[in-house]
Each structure stands twice: as structure tokens, then as C-alpha cells.
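These are the residues of each chain, in order.
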Amino acid sequence: MKLASLETGIVLLPNDEPLAGFSENPNAKNPIVWLKLRTDDGIEGLGVTYFGGALTRTLRQAVDELGALVIGEDPLRVEATAQKLRDAAGSSGPAGILTMAMSAIDVALWDIKGKALGLPLWKLLGGGRDRIPTYASGALRRGLKLEEAATAAGRLRDKSYRQTKMQLGLPGATSPAREVEQARLIREAVGPDMDLMCDINQRWRPEQAIDIGRRVEQAGVGLFWLEDVTAADDYPGLARVADALSTPVAGGEYLWGITPFRHMLEARSVDIVMIDQVRSAASRPGSRWPAWPRRSTCRSSATVSPRSTSTSSAPCRTASQSSTCRASSRSGKRCRNRRTACSTCPPLPAWASNSTKPRSRNTAPDG
Amino acid sequence: MKITGTRTELVELPADEPLAGAAENPNGKRPIVTVAVETDQGVEGLGVAYFGGALSRTLRHAIDELGALCIGEDPVRVEAVQQKLKNAAGGSAGPGGIYHLALSALDIALWDIRAKSVNLPLWKLLGGARDRVPTYASGALMRGLSLDRVVKSAATLKEKGWREMKTQLALPGETTPAIEVERMVKIREAIGPDIKLMCDINQRWRPEQAMDIGRRVEDAGVGLFWLEDVTTADDFAGLARISDTLSTPVAGGEYVWGIAPFRHMLEARSVDIPMIDLVRVGGITQWLKVAGMAEAFNLPVVSHLIPEVHVHLIGAVPNGLTVEYMPWLMPLFKEVPVQQNGELAMPTKPGLGLEFDLKTIDRYRA
Chain P
3 MKLASLETGI VLLPNDEPLA GFSENPNAKN PIVWLKLRTD DGIEGLGVTY
53 FGGALTRTLR QAVDELGALV IGEDPLRVEA TAQKLRDAAG SSGPAGILTM
103 AMSAIDVALW DIKGKALGLP LWKLLGGGRD RIPTYASGAL RRGLKLEEAA
153 TAAGRLRDKS YRQTKMQLGL PGATSPAREV EQARLIREAV GPDMDLMCDI
203 NQRWRPEQAI DIGRRVEQAG VGLFWLEDVT AADDYPGLAR VADALSTPVA
253 GGEYLWGITP FRHMLEARSV DIVMIDQVRS AASRPGSRWP AWPRRSTCRS
303 SATVSPRSTS TSSAPCRTAS QSSTCRASSR SGKRCRNRRT ACSTCPPLPA
353 WASNSTKPRS RNTAPDG
Chain R
181 MKITGTRTEL VELPADEPLA GAAENPNGKR PIVTVAVETD QGVEGLGVAY
231 FGGALSRTLR HAIDELGALC IGEDPVRVEA VQQKLKNAAG GSAGPGGIYH
281 LALSALDIAL WDIRAKSVNL PLWKLLGGAR DRVPTYASGA LMRGLSLDRV
331 VKSAATLKEK GWREMKTQLA LPGETTPAIE VERMVKIREA IGPDIKLMCD
381 INQRWRPEQA MDIGRRVEDA GVGLFWLEDV TTADDFAGLA RISDTLSTPV
431 AGGEYVWGIA PFRHMLEARS VDIPMIDLVR VGGITQWLKV AGMAEAFNLP
481 VVSHLIPEVH VHLIGAVPNG LTVEYMPWLM PLFKEVPVQQ NGELAMPTKP
531 GLGLEFDLKT IDRYRA
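As given, the protein sequences belong to chains P and R, one line each in that order.
In my numbering, each residue's number is its place in the first sequence (first place is 1) plus 2.
In my numbering, each residue's number is its place in the second sequence (first place is 1) plus 180.
Worth flagging that the hints you see were computed from the coordinates, not collected in a lab.
One should not assume that every hint holds.
Claimed, not checked - Taking lysine-lysine pairs in the DSS-like style, the calculated list, with each CA pair at most 25 angstroms apart, reads: (1) R/Lys266 x P/Lys31; (2) R/Lys469 x R/Lys266; (3) P/Lys4 x P/Lys117; (4) P/Lys86 x R/Lys209; (5) R/Lys264 x P/Lys31; (6) R/Lys514 x R/Lys209; (7) R/Lys514 x R/Lys539; (8) R/Lys366 x R/Lys376; (9) R/Lys304 x R/Lys338.
Stated by the list, open to error - Which chain P residues stay away from chain R? Per the calculated CB distances, all over 12 angstroms, these: (10) Ala6; (11) Thr41; (12) Asp43; (13) Glu46; (14) Arg79; (15) Lys117; (16) Leu121; (17) Lys147; (18) Glu150; (19) Ala152; (20) Lys161; (21) Pro178; (22) Glu190; (23) Gly222; (24) Arg242; (25) Ser248.
Claimed, not checked - Stretch-level coverage of chain P by chain R, calculated; a stretch enters the list once three of its residues show a Cβ under 8 angstroms from a Cβ in chain R: (26) 14 to 20; (27) 63 to 71.
For each residue, glycine too, the CB sits at the ideal point set by N, CA and C.
Work the whole structure out from these sequences, hints included.
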């Protein structure tokens, strides 16, 4: 089997919020680069990549340039293909656009491999479980007014979500008291039984994280985890926060490749390891990701793109449902009801094959 | 002052070796993206980026897209421009990768504009620590050359007045610790005891190999000025083990992106001599921050590639040790700093004091 052709495009998805109905920025667009790789015997693999922001056309260009290099290669040899791309790309990585483009290709190759072997990917990768928990993400963002966030939180409860994520590190004039109040009111709205996560997206310094995190604990909010509390590569700073709080600290989505996770784990920076599939450039089984969390005391969690990441064979704690793309929000509903893996959801919808005009605004999700 | 536009070019320069005349890969090409940043006051700044490899068109595309976002901005406010570009690029801003390379090209041009606008050569604007700095010949004694060839080239460099030069180990093909050591002994014999000799491994050894071969090179009396990138650049703990074991100074840092990894490297005591790559660190703005960080750790800094810009930076800061004279970009400029008695004199023209040679750009445009 050989790779015979590829097709790429950019779509600008509307930034709507289908889970609870309050979009933080309803007129914005989420630019997504999509990729289809086809083999000489007619198998097609899909990949997507995002986070391109103002460089989304550059990202597509990178997918095109790298994609041209994999034509003629054996799609089953994902490691050999990755090595070829790394060699060809010289020193333009490992981080950033090279990795983001390679991830789209990697996802498509794994899609092809699963199809070629007649197996859903999760089963190919180890098949740990039939169903996994999932949490509603993107519905309680920091840009919402407090009353909107509370209403949205109530809707999630009514829709029988069991886990959901909010954000702190509020925009504009804020204070520790204001931050705690937001967390407390959302907890009231979702009730005591909902697992409630809270994302800071690197907006606090370590001492703020310890101060506000402690106050949230004292207010009895009971967070399931507190995420990306400070700059992702401040490994000792994160370790101080993780040490000071009893709330589990999650992080890792901002790291590129696999080595920074070594530093994070060695420093005990986080309690829950979050892996961004686009940034880690890896859905590789066995030798890479799934092996790590098993060996450590950490649990792994996937971020942003539930359609592909939730198929992981790793002992995932939970998979995120964000409104990154319309496809994932659709699958989110089905997955919630059935509390099962997204691999059972239908194939990508029509938008994925329609190339549209380039993006105009950066609203790429930051998880 | 406002930025009014940017112009980019992609050129593929021949991979020749002008210092000693023996290229490792004479038919190779080096893809380089150039950028010129225009302002409403007529002052223009220039910058370059490289390392694009098979993604060099993507790199140029990134500079074009980021350049368009700079229009209307004040070129002197480099931090504000960096912030704007980072926000716009969102998750593709790395840190690291093509965004960083593109950002660096623009940042270099902004510093060129800033220095020109106050009519000072850049090194003087930045601090002006010294009039002349040591420099070393690089790229002439590569691992792909035969032993005879590398020994001859080393002697040629000495005859041309170089007082510092760099070679490479971790030889291609079948090699052993003994063969590696032999090569260093032969080079040292050819240049005599007074030339500073550096050796680059380019991350090709594991830590235990670095300690084994490094120790054998010491025992053979080669006397290296530094041993560089002895293992994977982000194995901060592995590097620290090697630095601890060897008495030879260990250099490294060219492979890391942005400034935060230097913190980890310095905290772990991974290297004795931090090496800063201008386009991976994020341009002149970020280069200076790493130099300050190293100074606080009582460490020198050395530069990686592009001596035409680095002469300014090494000359500006108090802890600049030596400038790597890698002549890869030489044909791109009308005039470049030239080695005299193993040193480079500080440029006297305002800004970077560089001008693109348009004939070169026309000839090698990709």
C-alpha cells in the first residue's frame, strides 16, 4: 500500500456554543485546516489541525509541503514517515507549525491504518474500554457575564452532563474575591454532584494560583481539577502550586512534543497530565504516550479534539468535548447520552471537504 | 515612525566553504528567507531567517503574514510588536518553530531600523562593551571531510590568521572512540598548541558516550576550548552529568527555542558556555535577555551562525566570549565584517551596517 494523493483546505467554522447556548464571541470564526490522504488502493484518511490563528494559511502551506513528501510512502509506517518529515524540515521544528502540520498527517495515517486493518482506532491502539467519561468544555468560558455563566451551567446540569469545565483568570478588572465568587456561583448552578474543572490558561503567576486556588478550596467549591495555572514551561513554579493546593493540578496541553513532559513529570509539576494531540504530534501507541501515564502516578486526559483523542487506548481519565468544530459538538451529544467513545460517531460531515476562503480573525480555541 | 510594508525573498545559496576551500557537500543548497521592513520615514531595516528546510516556502509565507500585521506599528516598540504577533498567531506561536523563525527575521529588521533612526551602529546602541571581539572559523572542518582534508584545512585556517577554529566529532559511518580521538590528535598536531580548538557533536552522542569519548580526548592532551552540543539539547539533566564529569568546558543552547529553556539549562547547570541562536531564540530582543540571564549565572555567551549580526551582539554585552564566523550568508550582503588577527572590529555604519546584494538575490532566487 502506498500513499497516492492528498487534498487540503481551510474552513472557518462559526464560533457558536452548542452545549449550553452562550457563545463567548458569537461573530468570531475558528480556522481549521483539514487534510485527506488517499492510498493507491482507495483508502482515505482524515486529519485536521488548528491553532493557526493569523498564520492559518501558513499552516496549510506547511501541510501541503509536508504532504507532498509522503506521497509514495507506506502509510502503515508512521514512524518512518515522521522521521522523513523531520529530516526534510530541517530545523524548522520540533515545535510550532511543523509539529501542527505533522499532526494532521499523523492522524490521517492512523485513520488509514485502522481502516486498512478493519478496526476502529481505539481497538487498534489497545482497546482499554468500551465507554469513557467525557466532560462539557467551552460552555462556561471566562468571557461570559456571571449570570450567563450561571444559566449555562444550569443548562449543562439539565442536559445531564456529569462533568464540566469553567474558566477563571477573568478578563478586565478582577480580584481574588471576584474569581472565587464566579467559581462559587457556577458550583451552585451545577449542584454538588457535577465534576467541575477550572481552566486558567496560564493567566496567573504561581503566587496568584496558590492564593486564589486556596481561597476557592476554602469556599468549598470542590474542583475536580485546576488547569494550566501558570506558564506551562515553569516546571518548578507549577510544582510549587501543585504542592500547595489539595485541588489536583492539570496541565500539559501547551507543551510541544514529548520531552517537556519528562521535565514536567520529573518536577512533579502536575497531578493530571493533559495531552494536546496537535502539539504533541503523537497518537503513537505503546512506545510513546500511553506508556507514560501508566508508569507515573498521573492520569492522562485528552484535550480539544474529542473525535480523535477519545479513541486513545490510554487509561484516560476523561475526554474533553469542546466546540472546536461542529463535528465534535455533535458527537458530544451522542457520546454524553451513551457515555461511550466517539469512534462510534458518523464520519466527518460535508464541511470537511469544502475548502473556503481564508480566515479573517484569530479565535483558535485554547482548550 | 510607522511600518509601511515588508518585502521578502527566498534564495538558495550554494553550500560552498570559503574559509579553507573544502566544502563538505559542494552541491548542497542553503535556503534563506530575506526580509526588508519599510517605514514612513524612509528608514528600512533588514532581517533574515533560515532553518526552513523543506518548509522554506512556508517560512516565507509566515514572514509575509506576520509582516502584514506589522503595518502601522511603531518599529521602535519591539516588545509591543512581539506581543501583537504572538496574540495574532495564537497557538501557532509555539513557543518554537516557524513562527519563531519568522518573528526573528522581523525583529532583526526592527532593531536595524531603531539603530539607524538614532544614527548609531547597533552594538553601540545596545551597550557597546568592546571595540573588537574574538572570532572563530566555523564550517571548514566538518565531520564529512576525510582526515587528510580536515588536517589540511585546519593548517590553512591557521595560515590565514585564525586563532580559534571549530571542528566536529561523532563521525559518519563506522567509527569508534579511538577513531574519534585520533582525528582530534591529528588536528591539534596540525595547528599547534596555541590555537583555540572547539569541537561540535551536534547532539549525536548519548550522555555516556560523551563522557567516555570526552574523557579520552582530554587524556590524549588535545586541550579543547569547548565541547559543544554533546547530547540531546533538552536533556538538561544528561548535559549536567557530562558537564560535571568533564573538565573540558561544555557549550550548548543553539537548539532550544525561546528563552525559557535557557532558564532550565542554567538552573540544571547543563552547560558552561551558553550558545544563543539568533533565529531560534526569537531575534535580538530575546537574545539580549538570555545574555543577561547568563551574566547573572556568571557565565559567558557565544553566538550561533550569522556573524554579520552577532558581531554587534557579542560586542555589545559584557559577557560575549567569541563570535562564530560561519560564512553561510556572506554572499547575501554587499559588505561583511572580516577577520583580522583572529578578531572582528565593530562595524561603524548605523544599524546593522548591512545591505543585501541584489545581484546575489537575483541569481539565487528560488
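| Is lysine 4 of chain P within 25 angstroms of lysine 117 of chain P, Cα to Cα? | Since the Cα atoms of lysine 4 of chain P and lysine 117 of chain P sit roughly 14 angstroms apart, the hinted pair holds (cutoff 25 angstroms).
| Hinted pair lysine 304 of chain R and lysine 338 of chain R, Cα distance within 25 angstroms | 31 angstroms, violated
| task | Would you mind confirming whether the straight-line C-alpha gap from lysine 266 of chain R to lysine 31 of chain P stays at or under 25 angstroms? | result | 18 angstroms, holds
| request: Hey, is glutamate 46 of chain P genuinely clear of chain R, shortest beta carbon separation above 12 angstroms? | output: Glutamate 46 of chain P clear of chain R: closest Cβ-Cβ about 24 angstroms, beyond 12 angstroms.
| said: For a C-alpha distance cap of 25 angstroms, please report whether lysine 366 of chain R and lysine 376 of chain R respect it. | reply: 15 angstroms, holds
| Can we trust that lysine 161 of chain P is non-interface, i.e. its beta-carbon lies farther than 12 angstroms from all of chain R? | Given a closest Cβ separation of 29 angstroms, the condition holds.
| message | Does lysine 31 of chain P sit within 25 angstroms of lysine 264 of chain R, going by the straight-line distance between their CA atoms? | response | Judged against 25 angstroms, a Cα distance of about 19 angstroms means the pair holds.
| field | Agreement of lysine 514 of chain R and lysine 209 of chain R with the hint, judged by alpha carbon distance not exceeding 25 angstroms | value | Holds, at about 20 angstroms.
| query | Looking at arginine 79 of chain P again, its CB stays over 12 angstroms from all of chain R? | reply | 19 angstroms, holds
| message | Cut-off 8 angstroms, C-beta pairs, minimum 3 residues; does the coverage of the region 63 to 71 of chain P by chain R stand? | response | With 5 residues in contact (Cβ-Cβ under 8 angstroms with chain R), the coverage given for the region 63 to 71 of chain P holds.
| field | Beyond 12 angstroms from each Cβ of chain R, as asserted for glutamate 150 of chain P | value | Holds: least Cβ distance 24 angstroms, greater than 12 angstroms.
| Given as non-interface: serine 248 of chain P, partner chain R, CB spacing beyond 12 angstroms | For serine 248 of chain P, whose nearest Cβ neighbour in chain R is about 27 angstroms away, the distance exceeds 12 angstroms, so it holds.
In this structure, the earlier hints numbered 9, 26 are contradicted, and the remaining ones agree with it.
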